[in-house]
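Protein sequences, first through last, are from chains E and R.
Taking this note's numbering, the leading residue of the first sequence gets 138, the next gets one more, and so forth.
Taking this note's numbering, the leading residue of the second sequence gets 138, the next gets one more, and so forth.
Hints listed in this document are in silico derivations from the structure and should not be mistaken for laboratory results.
Treat the hints with caution; some may be incorrect.
Treat identical chains as interchangeable: a pair holds within one or across any two.
[Claimed, not checked] Taking lysine to any residue and the SDA-like style, the derived pairs with C-alpha atoms no more than 20 Å apart in a straight line are: (1) LYS243 with PHE261; (2) LYS464 with ARG212; (3) LYS496 with ARG148; (4) LYS431 with ALA300; (5) LYS297 with ARG209; (6) LYS307 with GLU140.
In this text the structure is predicted, and so the values were computed from the model without any measurement.
Protein chains: 2
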Amino acid sequence: MSEFLFTITARDEAARQGVITTPRGEIRTPAFMPVGTAGTVKAMLPESVRETGADILLGNTYHLMLRPGAERVARLGGLHKFMNWQRPILTDSGGFQVMSLADLRKITEEGVRFQSHIDGHEEFLSPERAMEIQRLLGSDIQMVLDECPALPASREAIEKSLALSMRWAKRSRDAFNLQSEAERAGRACFGIVQGGTLPDLRQRSAEALREIGFEGYALGGLAVGEGQVAMFETLEAAVPHLPDDRPHYLMGVGKPDDIVGAVQRGIDMFDCVLPTRSGRNGQAFTWDGPLNLKNARHAEDDSPIDPRCACPACRHYSRAYLHHTVKAGEIISAMLLTWHNLQFYQDLLAELRAAIGKKQLAAYAAAFRARYRAEKSTESVA
Amino acid sequence: MSEFLFTITARDEAARQGVITTPRGEIRTPAFMPVGTAGTVKAMLPESVRETGADILLGNTYHLMLRPGAERVARLGGLHKFMNWQRPILTDSGGFQVMSLADLRKITEEGVRFQSHIDGHEEFLSPERAMEIQRLLGSDIQMVLDECPALPASREAIEKSLALSMRWAKRSRDAFNLQSEAERAGRACFGIVQGGTLPDLRQRSAEALREIGFEGYALGGLAVGEGQVAMFETLEAAVPHLPDDRPHYLMGVGKPDDIVGAVQRGIDMFDCVLPTRSGRNGQAFTWDGPLNLKNARHAEDDSPIDPRCACPACRHYSRAYLHHTVKAGEIISAMLLTWHNLQFYQDLLAELRAAIGKKQLAAYAAAFRARYRAEKSTESVA
Numbered sequence: 138m139s140e141f142l143f144t145i146t147a148r149d150e151a152a153r154q155g156v157i158t159t160p161r162g163e164i165r166t167p168a169f170m171p172v173g174t175a176g177t178v179k180a181m182l183p184e185s186v187r188e189t190g191a192d193i194l195l196g197n198t199y200h201l202m203l204r205p206g207a208e209r210v211a212r213l214g215g216l217h218k219f220m221n222w223q224r225p226i227l228t229d230s231g232g233f234q235v236m237s238l239a240d241l242r243k244i245t246e247e248g249v250r251f252q253s254h255i256d257g258h259e260e261f262l263s264p265e266r267a268m269e270i271q272r273l274l275g276s277d278i279q280m281v282l283d284e285c286p287a288l289p290a291s292r293e294a295i296e297k298s299l300a301l302s303m304r305w306a307k308r309s310r311d312a313f314n315l316q317s318e319a320e321r322a323g324r325a326c327f328g329i330v331q332g333g334t335l336p337d338l339r340q341r342s343a344e345a346l347r348e349i350g351f352e353g354y355a356l357g358g359l360a361v362g363e364g365q366v367a368m369f370e371t372l373e374a375a376v377p378h379l380p381d382d383r384p385h386y387l388m389g390v391g392k393p394d395d396i397v398g399a400v401q402r403g404i405d406m407f408d409c410v411l412p413t414r415s416g417r418n419g420q421a422f423t424w425d426g427p428l429n430l431k432n433a434r435h436a437e438d439d440s441p442i443d444p445r446c447a448c449p450a451c452r453h454y455s456r457a458y459l460h461h462t463v464k465a466g467e468i469i470s471a472m473l474l475t476w477h478n479l480q481f482y483q484d485l486l487a488e489l490r491a492a493i494g495k496k497q498l499a500a501y502a503a504a505f506r507a508r509y510r511a512e513k514s515t516e517s518v519a
Numbered sequence: 138m139s140e141f142l143f144t145i146t147a148r149d150e151a152a153r154q155g156v157i158t159t160p161r162g163e164i165r166t167p168a169f170m171p172v173g174t175a176g177t178v179k180a181m182l183p184e185s186v187r188e189t190g191a192d193i194l195l196g197n198t199y200h201l202m203l204r205p206g207a208e209r210v211a212r213l214g215g216l217h218k219f220m221n222w223q224r225p226i227l228t229d230s231g232g233f234q235v236m237s238l239a240d241l242r243k244i245t246e247e248g249v250r251f252q253s254h255i256d257g258h259e260e261f262l263s264p265e266r267a268m269e270i271q272r273l274l275g276s277d278i279q280m281v282l283d284e285c286p287a288l289p290a291s292r293e294a295i296e297k298s299l300a301l302s303m304r305w306a307k308r309s310r311d312a313f314n315l316q317s318e319a320e321r322a323g324r325a326c327f328g329i330v331q332g333g334t335l336p337d338l339r340q341r342s343a344e345a346l347r348e349i350g351f352e353g354y355a356l357g358g359l360a361v362g363e364g365q366v367a368m369f370e371t372l373e374a375a376v377p378h379l380p381d382d383r384p385h386y387l388m389g390v391g392k393p394d395d396i397v398g399a400v401q402r403g404i405d406m407f408d409c410v411l412p413t414r415s416g417r418n419g420q421a422f423t424w425d426g427p428l429n430l431k432n433a434r435h436a437e438d439d440s441p442i443d444p445r446c447a448c449p450a451c452r453h454y455s456r457a458y459l460h461h462t463v464k465a466g467e468i469i470s471a472m473l474l475t476w477h478n479l480q481f482y483q484d485l486l487a488e489l490r491a492a493i494g495k496k497q498l499a500a501y502a503a504a505f506r507a508r509y510r511a512e513k514s515t516e517s518v519a
């Protein structure tokens, strides 16, 4: 029997507050998963990631299969031990990164053949191999392999891609089910709803996945340039067709205001490189919008990014210091700003969970949006 | 009255174990000072530097005067507050870096005019300005401005340079003495012995500095390519002419075996970028010599760098993980290997202090050298 459980502890309109129980620990939802691409959340020690409040990390199958290799990670005791993170890990299937390779990959019914961006050697990823890699890594939540067409695309192209993704979802689920019972215990396999921004295709995809049956349901192919309005409309069309009693995961999202709106539309899980990548680029999230610490106006500012934030950047350093170290290209600026941004994201998710618990999410979201300069965010955050 | 005190607590032949007392904390000697060039020990949080056992950091006047600027640091409350390190800081005078600029600087009796390596703007450093910058930074141990000729050089060139350095030492001391009593309280000014590898010039320099009078005495212009034998011979010629009751500081040294030999010759303080720079280059110090983690032989090695080391790299990660993250260019490899190397240096200094306390330094040093592959170290550590 699986020990992977999802319990909804409170509701506020479409939003849900809950907890996912796994043998490696609980995941409070809505949850934000920091991205640990190649076996590290960039510029962070895992104990520091945990200090921000993260319950789960995301690992990238594509990066790990190329370097250091899934079989090697397995020989070294699995990804958790390798990267010193004993709590849950969700791995993507590698599909999204492979599809982004454009000219370097070729898709067939069987799978996708591609060239490594590191050394150009040829690799092959099929639904079965994607699940095998995730098994070798020891992933707690394993994602099906899907195809994700670049938008805009014709309805025909999206339909054709969706049909392939649904056949791959079935093969992925079958491959997961063939893993030994001991290995699968407490682990989950999530399906991925595709269909671009077309409501009927999203519905068709959700129904196909329900038919197969998964421990959780993700929405893929969003936050790829369609804009927040189209993304929210797609969520409104798709989420009602997902099983209510399973976690809903919006992949690769997003900006703070994206997350607030998606939680209001019934999403339970998020991942995004934005807080970590922005931190390495000298940008800090605040409740008023993002700050660019490179800006000369911070050069003599003795105040912290946010006096109420518990991260070390805010407790011990001025904006002037962060400005100086960003300008000087010092590693400590990436360390401190990444930490701050992950703290901001975890604080935001904690506030969203609390607002749902108090049935005050609409008011919380309105207050957030009134203060947060979303447009500036879109423009200035790399 | 100055609260800067040096107490020798044990002796073993020429070596000394002691403690420097300052208002910002004690410095156990022999001491290794990690280098915090531009207001940060690269890839480390200051609390982590402290965890390794460091009592004092070194800051670089040259780098800080150019960016963010000494006046700016002073307006922001001084270097300790700026970089979140409340313990003692020693600053160099900027001379060594400026002299390294070669074509970009011009030396006169008054001082040295040079161009910033960052934006090319013209700067001027005199003994008086060097001390003013160190005062503005709030440095606990301030170094005189000196000139350091590139070796090899003729006796005449070294003599001429030395004479200038001694005149500058007097002007530096005078400038330090003109700082307000409140500012100087508990702070020290150190002279720097020059003279290349010529024993009589080193002696002349030491005597000139004793005549002026300093709280501590440094040896400059060594570890610049003369080799360990010549360096040790120079120490043997110079150290006996330094006041016995003041700290002896060997600037910019060095490799672990350099430090062991220098402690045996009466040196109390060291600084060097080697542990931090090597860490960023994928190299780890061990009691058997340095390891290059890039080497493929580490790719599947599940053991830590050193199972007895207390640093997080050794407590939580395999050589395989460090190999992977070094190869992938991940910041965590710089963070972990820098931490390990600083821990190694502090452990080495702690063992040297303990060996002096037990009057077993000669035996300790012999055992260290028998095990440590110094030559490999010289070759493979960047």
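Status of the hints after comparison with the structure:
no.	hint	result
1	LYS243 with PHE261	within (10 Å within a copy, 62 Å between copies)
2	LYS464 with ARG212	between (42 Å within a copy, 19 Å between copies)
3	LYS496 with ARG148	within (7 Å within a copy, 71 Å between copies)
4	LYS431 with ALA300	neither (47 Å within a copy, 44 Å between copies)
5	LYS297 with ARG209	neither (36 Å within a copy, 62 Å between copies)
6	LYS307 with GLU140	neither (22 Å within a copy, 76 Å between copies)
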